[in-house]
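K.L.:
Listed below, chain by chain, are the residues.
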Amino acid sequence: MSNRSSKLGKIYIVIIFLLLYMPILYLIIYSFSKGTTMTNFRGFSLTHYGELFHDKRMLAIFLDTILIALLSSVFSTIIGTLGALGISNAKRERSRQTLLSLNNILLVSPDVIMGASFLIFFTSLKVPLGFWSVLLSHIAFEIPIVVLMVLPRLDEMSPSLINAATDLGATSGQVLSRVVLPFIQPGIIAGFFMAITYSLDDFAVTFFVTGNGFTTLSVEIYSRARQGISLEINALAGIMFVFSLILVIVYYFIENHNLVSRRKKDKLGVANQ
Amino acid sequence: MKKSFRAMFYTPYMMWLALFVIAPVGLIVYYSFFNISHQFTFDNYATFFRSGTYLTMTANSVLYAFLITLISLLISYPMALVISKLKHRDLWILLVILPTWINLLLKAYAFIGLLSHDGLVNNLFELVGLPAQHMLFTDTSFILVASYIQIPFMILPIYNSLTDISDSYIKASHDLGATNWQTLTKIIIPMTMPGIKSGVQIVFIPSLSLFMLSRLIGGNKIITLGTAVEEHFLTTMNWGMGSTIGVVLIISMVVVMLFTNTKRKRGRN
Amino acid sequence: MSKTIIELQHVYKKYDDFTALKDINFKLNQGEFYTLLGPSGCGKTTILQTIAGFTDATSGQVLFDGQKINDIPANKRQLNTVFQDYALFPNMNVFENVAFGLILHKVKKAEVAERVHDALKLVQLDQYANREISELSGGQKQRIAIARAIVNRPKVLLLDEPLSALDAKLRKDMQYELRSLQQNLGITFLFVTHDQEEALAMSDQIFVMNKGQILQKGDPVDIYDEPINHFVADFIGESNIIPGHMVRDYEVSFLGHTFECADAGMRPNEPVEVVIRPEDLVITTPEKGKLQVKVSTQLFRGDYYEILAYDMQDNEWLIHSTNATTDNAIIGLTFGPNDMHVMRYNETEAKFNSRLETYEE
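Protein sequence lines, in the order shown, are assigned to chains A, B and C. Residue numbers for the first sequence follow the UniProt record's numbering, beginning at 1 and rising by one. Residue numbers for the second sequence follow the UniProt record's numbering, beginning at 1 and rising by one. Residue numbers for the third sequence follow the UniProt record's numbering, beginning at 1 and rising by one.
Taking lysine to aspartate or glutamate pairs in the DMTMM-like style, the calculated list, with each CA pair at most 20 angstroms apart, reads:
#, chain 1, residue 1, chain 2, residue 2
1, C, 155, C, 177
2, B, 107, A, 201
3, A, 10, B, 90
4, A, 91, C, 56
To give a feel for the contact side, a few chain B residues facing chain A, derived at Cβ under 8 angstroms:
#, residue
5, 9
6, 16
7, 21
8, 24
9, 28
10, 99
11, 111
12, 206
13, 229
14, 246
These stretches of chain A come out as covered by chain C in the derived footprint (C-beta under 8 angstroms, 3 or more residues):
#, segment
15, 156–165
16, 168–176
17, 179–190
By construction, these hints were calculated from the structure, which means they are not laboratory data. The C-beta atom is built at its ideal place from N, Cα and C for all residues, glycine as well.
Model the full structure from these sequences, guided by the hints.
P.N.:
Okay, structure coming up:
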């Protein structure tokens with residue numbers, strides 16, 4: 001690659017990265033503003049953060065959002081893993097493809113449709129709209145992504161591993177707990193992580209099924225934003241950004257550490273040949 | 001594996017499939033045949049296909065979705081290309097994905113500030129000498145903001161596709177005399193088609209039904225199929241009509257998927 | 001006195017559109033090294049899987065130590081398998097892998113440690129107990145897979161092409177190790193391979209298979225010297241096979257000449273095939289030779305020259321010679337009566353064996 005085109009490329013990324021992060025940085029900068037709108041920066045202040053921490057309603061909603069995310073992810077990871085096991089065990093290629101297509105429907109559906117259809121579903125079954133309808137909906141749309149994270153690991157696993165375990169005396173349960181689950185663990189963790197992400201980020205589905213009492217962060221921000229600008233929301237953005245940044249850095253270091261130790265082992269293996 | 005053991009296993013997943021995938025779609029189709037007085041009728045469909053409003057709305061939604069997909073593709077592909085050649089590309093791609101973890105609403109909210117009459121963008125324009133623009137509540141800003149939001153979703157599948165291409169293909173191409181541009185257009189882009197199709201799927205379909213964004217950024221001026229569904233379900237309580245539009249959306253989703261699904265090669269295992 | 005440890009009686013394995021095993025019958029004695037030899041798809045792995053319990057026979061009996069085991073699940077059968085891709089559990093280290101079967105059978109911790117170390121010593125990897133699987137080379141993984149199987153003291157060890165992924169030198173070394181291991185442990189080995197050299201080197205008995213059937217059973221020398229038909233002759237070692245006629249007992253005719261040979265028991269003038277091994281052909285002058293051929297190509301194989309030649313009827317001849325000859329020369333080939341082996345078409349194994357007994361010492 002000629003130097004000129006790679007320089008051009010680098011300039012391009014810098015511009016795009018700036019554009020990607022500008023809105024977020026903009027939000028965060030204004031979270032420290034003394035003023036009340038995002039138009040004039042009026043001196044540095046932490047008042048909005050103070051507002052945020054005293055806003056009991058917001059804090060409660062924040063906790064509710066996290067609760068829903070964690071709870072739904074636990075259930076969706078379990079059900080999704082079971083589903084992935086089922087799909088990978090499918091004897092015919094056709095059944096497998098059908099199951100996969102059905103699985104992916106929720107992933108590609110417009111969230112409006114999901115929201116509307118779940119709303120109809122819950123009201124037909126007379127499920128009260130609130131915490132439970134939100135929880136069930138979140139579990140529902142997280143399951144497909146868990147399946148997509150676990151399935152590749154399952155496919156990677158050579159079937160002779162299961163035969164070997166059986167050959168050595170393992171029952172089906174032991175094969176599952178001692179061989180299969182440990183092998184697919186990275187996929188399960190990735191699935192859990194993605195499930196949490198999808199839950200935290202969801203707006204439309206929650207918006208449809210939340211009824212009047214219960215609400216999550218996204219829905220609350222939507223209502224407040226419709227009413228106008230409140231820099232307290234900027235403070236919230238600041239906190240969430242730092243949180244995500246920490247997660248990314250931690251995740252990157254864990255991945256790197258795994259990779260490095262795996263490479264060291266590979267090198268040792270080569271030397272032994 | 002014993003059959004009874006297996007059955008116990010797969011029941012939760014199968015139940016989920018039945019209750020949350022098949023049933024809801026079925027319910028939407030069912031409700032699309034009922035009008036607001038709960039009578040069985042084809043009226044909803046008739047209204048939809050005869051009404052100029054609905055048809056224009058559909059055409060507009062498709063147009064918006066198309067533009068959004070196109071813009072995000074044009075921005076994302078070079079981005080993915082450059083990142084895939086960088087040294088710490090894993091870190092860079094994580095930094096690209098990081099914005100997706102910031103709540104969608106917050107980003108939309110940021111744009112309200114940025115694009116408002118006294119917002120940053122207009123301030124920059126003034127600095128350069130351009131007149132202040134009325135940006136919020138316009139078509140253009142809606143499309144641009146939506147593209148912005150979708151970029152990370154478009155980049156990721158393309159990036160994955162790019163990193164899957166073995167270096168030796170590029171070397172072979174140069175060895176046979178191709179320039180960088182020819183290698184890009186004749187080798188790299190065709191080989192990353194699955195990634196591109198995947199990205200298009202992930203971006204186009206949701207873009208058809210954006211309603212939150214259209215309300216916040218586009219105001220009540222921009223009406224998409226999404227906003228119409230939301231109104232019928234939550235405001236006018238005309239679930240029948242809402243479901244009809246839902247059916248239209250579902251069908252378009254299937255059509256897009258058929259066009260963009262990569263057929264897995266049928267080989268012997 | 002060896003007793004029968006495994007017996008298959010009229011075993012068939014049928015799938016929807018194809019039959020993998022047709023009427024398989026054999027007995028395995030305790031303490032011997034058996035090899036199932038055949039090309040890909042011949043059914044040898046299917047037999048192994050049926051014995052191990054990973055697949056069920058469509059019909060027929062599988063007997064272990066006199067008991068029918070068709071309905072006993074794989075995890076309860078007292079034999080162990082060494083897999084082609086080793087199947088070592090990546091989430092466990094070497095010790096945990098080898099100990100896996102023992103722990104499942106609730107063996108006490110102290111005994112587990114002792115038996116694992118003994119098994120590792122047998123495969124010369126005692127120092128590797130704490131290594132991760134990813135750190136091992138191919139040959140080491142293979143030996144760990146063997147250790148993991150034998151630590152359970154099975155009466156029979158099934159090995160599914162375990163050496164196929166190793167390079168040539170390592171393969172040869174492992175052949176020695178496996179053979180001496182089998183003899184030290186005194187257990188029965190049932191080895192599956194498509195490599196006839198390997199089968200000849202290690203086995204007490206070879207079962208040659210093709211298309212779901214066992215074509216010939218015998219010890220390596222017998223199978224090599226007296227293959228029952230064209231397929232076996234061609235599959236085992238190199239061979240020159242020429243169609244001919246059995247004029248009378250001990251006299252065979254091919255390529256227009258009659259030769260004295262060492263086989264009998266066939267009908268007069270019966271069409272037969274004659275096998276001559278390349279190493280049994282001696283190069284001489286065209287006048288002194290029983291046949292005349294023209295040299296086409298010569299390849300140096302290190303310990304001999306492999307010479308490809310054609311006769312007047314365009315039949316291909318393969319010759320092994322310690323010396324090279326001249327390219328495109330016309331040479332003579334000579335051989336003795338015992339160097340020819342005559343095969344009948346479509347002779348069953350039973351008839352073959354009884355016919356040979358009538359004239360062999």
